[in-house]
Amino acid sequence: AQTVTQSQPEMSVQEAETVTLSCTYDTSESDYYLFWYKQPPSRQMILVIRQEAYKQQNATENRFSVNFQKAAKSFSLKISDSQLGDAAMYFCAYRGYGQNFVFGPGTRLSVLP
Amino acid sequence: DTGVSQDPRHKITKRGQNVTFRCDPISEHNRLYWYRQTLGQGPEFLTYFQNEAQLEKSRLLSDRFSAERPKGSFSTLEIQRTEQGDSAMYLCASSLTSGGNEQFFGPGTRLTVL
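Protein sequence lines correspond, in order, to chains X and S.
Numbered continuously in the working numbering, the first sequence closes out at residue 113.
Numbered continuously in the working numbering, the second sequence closes out at residue 114.
If you're looking for bench data, these hints aren't it; they were derived computationally from the structure.
Keep in mind that a hint or two might mislead.
Unchecked claim - Pairwise CB distance ranges, derived in the manner of DEER restraints:
id: 1; chain 1: S; residue 1: Q50; chain 2: X; residue 2: D31; range: 29 to 37 Å
id: 2; chain 1: S; residue 1: I12; chain 2: X; residue 2: N67; range: 23 to 31 Å
id: 3; chain 1: S; residue 1: K57; chain 2: X; residue 2: Q8; range: 30 to 38 Å
id: 4; chain 1: X; residue 1: E52; chain 2: S; residue 2: K57; range: 39 to 47 Å
id: 5; chain 1: S; residue 1: Q84; chain 2: X; residue 2: M11; range: 45 to 53 Å
id: 6; chain 1: X; residue 1: Q83; chain 2: S; residue 2: R81; range: 32 to 40 Å
id: 7; chain 1: X; residue 1: S30; chain 2: S; residue 2: E56; range: 18 to 26 Å
id: 8; chain 1: S; residue 1: L55; chain 2: X; residue 2: S30; range: 36 to 44 Å
id: 9; chain 1: X; residue 1: Q83; chain 2: S; residue 2: T2; range: 23 to 31 Å
id: 10; chain 1: S; residue 1: E56; chain 2: X; residue 2: Y54; range: 47 to 55 Å
id: 11; chain 1: X; residue 1: T3; chain 2: S; residue 2: L55; range: 18 to 26 Å
Unchecked claim - Partial list, computed: chain S residues near chain X (C-beta under 10 Å):
id: 12; residue: V4
id: 13; residue: Y48
id: 14; residue: L55
id: 15; residue: F65
id: 16; residue: E102
id: 17; residue: G108
id: 18; residue: T112
Yeah, the Cβ is synthetic: ideal placement off N, Cα and C, and Gly gets one too.
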């Protein structure tokens, strides 16, 4: 079975600075998708960014980018120019072909003014 | 389309009672998922449907839990004989079928079992 690990239960970053959240996963599949979801306090979970495993190029969405290392099974999220609104729980998720999503335990990000 | 909706948003019940939650997915989404989330943890998969067919159910899911999606649209999750350990946030999500499509989450139903 696939597993997703997020080794940083909590992180903090100064406003306007850059922070990187770590995620590793375990799978025997070669084709899969990886996601980062954001869950603000008392609000719905929303997608931040996704990566297809067959693509070597790292995904980027505005201030959010990933460092996808397929051989190392690593999928970190970099947030640049951090804003107060980025404060949330961040979940890394894995989806194999045709399968359900497997989520990591999450990292709570605090943004300091 | 207003997104995924869930009802009720909060439910307080006494141990031993049955509860039922409803999820209305985004209309064109054929996949619907149920998750349980406890405080400070990631969502834990419970079950999912493709249209009206329940394709997978977590092995961790007690027989007290049952889910339906009778017409391939809305879904219900029922918990029978609730226990205090069932207290959690129950999340519903929907997506299109193919693998890279994101899940859209509802606001969740927070269950408290006294």
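Supplied contact hint for S/T112, tested at 10 Å Cβ to chain X = At about 15 Å, which exceeds the 10 Å cut-off, the nearest Cβ of chain X leaves the hint on S/T112 violated.
Assessment of proposed distance window 18 to 26 Å (beta carbons of X/T3, S/L55) | holds, 21 Å
Note whether the CB distance of X/S30 and S/E56 lies within 18 to 26 Å or breaks it.
-> At roughly 21 Å between Cβ atoms, S/E56 and X/S30 fall inside 18 to 26 Å, so the hint holds.
Chain X contact restraint for S/F65 - C-beta distance below 10 Å = violated, 16 Å
Regarding S/Q50 and X/D31, is the given constraint of 29 to 37 Å on their beta-carbon distance met?
-> Given about 19 Å between the Cβ atoms, the range is violated.
Taking the beta carbons of S/Q84 and X/M11, is their distance inside 45 to 53 Å?
-> Hint violated: Cβ distance 32 Å, outside 45 to 53 Å.
Outcome of range test on Cβ distance (S/K57, X/Q8; 30 to 38 Å) | holds, 32 Å
Starting from the hint 39 to 47 Å, judge whether the C-beta atoms of X/E52 and S/K57 obey it.
-> violated, 27 Å
Status of the S/G108 interface restraint (C-beta, 10 Å, chain X) | holds, 8 Å
Range agreement (Cβ of S/R81 with Cβ of X/Q83, hint 32 to 40 Å) | Since the Cβ atoms of X/Q83 and S/R81 sit about 46 Å apart, the hinted range of 32 to 40 Å is violated.
At a threshold of 10 Å, is the proposed contact between S/V4 and chain X supported by beta-carbon distances?
-> holds, 8 Å
Against chain X, run the beta carbon of S/L55 and see if the smallest gap drops under 10 Å.
-> This interface hint holds because 9 Å falls under the 10 Å limit.
Checked against the numbered hints given earlier, this structure breaks hints 1, 2, 4, 5, 6, 8, 10, 15 and 18; the rest are met.
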